[in-house]
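Peer 1: Sequence:
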Amino acid sequence: MKVLKKIKGGKQIDNIKRSKDKLVNFNWRSLAIPVCLNLFITLILIGGFYILNSSFIFALSMGLLSLGISLQNSLTKTIGTGGVFFIFYSFLTFNLPEIGIAGWDKIVVFLISGILYECVQIIFKRREFIFSILAPILTITLIPFISALMISWKLVLTFPTELVDLVIFAGIVSCVCTLSFLLVWAKIKTNKKIIKLRSYFGVLNQ
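Numbering-wise (the working numbering), the sequence shown opens with residue 2 and increments by one.
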């Protein structure tokens with residue numbers, strides 16, 4: 002019994018040391034991913050406003066956000082970068098009304114979205130495949146709902162048809178984009194260049 006206790010105690014100490022090492026050796030390079038992805042997304046949306054109507058802009062933003070957050074999750078598993086992704090996006094697109102609102106209300110919407118995404122990541126930390134599907138789809142689907150709450154929570158309680166349609170539409174777009182990305186990623190993730198890129202961001206060591 003004493004031997005077993007020593008073994009268990011040793012394992013617990015090792016786990017604590019590993020956790021401390023991860024905190025100390027936090028890979029700050031991973032923060033470059035949401036920055037670069039959001040710059041790319043913002044440029045596309047700005048161009049889209051000149052040639053597309055509001056419905057297409059909404060669909061485009063939901064699709065790009067789904068692809069962007071899925072790519073980020075595949076390149077880096079660092080907790081917190083998902084929240085950074087959404088918050089940084091809201092600041093870059095501060096004045097763009099692609100989701101129906103802009104300004105500080107928009108920042109609050111994506112702050113809540115980032116927190117939701119991180120909560121799903123923590124809950125399904127040991128079930129990566131479920132998280133990779135559920136987190137982007139759930140977060141993106143709820144963006145129209147959260148946006149509507151910022152405009153008028155009383156109106157949301159009446160469940161207007163337009164809001165329900167927007168939520169369903171956002172969910173469909175996110176589902177298609179997320180699943181399509183995961184299918185493509187499954188084929189290219191073993192590519193040497195992709196492996197080097199993931200190694201650079203510290204994914205292979207996590």
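These are calculated hints, taken from the structure and not from any lab test.
Warning: the hint list may mix true and false statements.
[Stated by the list, open to error] With a cut-off of at most 27 Å between alpha-carbon atoms, the simulated DSS-like pairs for lysine-lysine come out as follows: (1) 190 to 126; (2) 197 to 126; (3) 197 to 155.
Peer 1: Compare the structure with each hint and give your call.
Peer 2: Hint by hint, here is what the structure shows:
Taking the CA atoms of residue 190 and residue 126, the gap is near 20 Å; set against the 27 Å cutoff, the hint holds. For the suggested pair residue 197 and residue 126, the alpha carbons sit about 23 Å apart, so the restraint of at most 27 Å is met. A threshold of 27 Å between alpha carbons decides the hint, and for residue 197 with residue 155 the separation of about 51 Å lies outside it, so the pair is violated.
Going down the numbered hints, you'll see the structure goes against just number 3.
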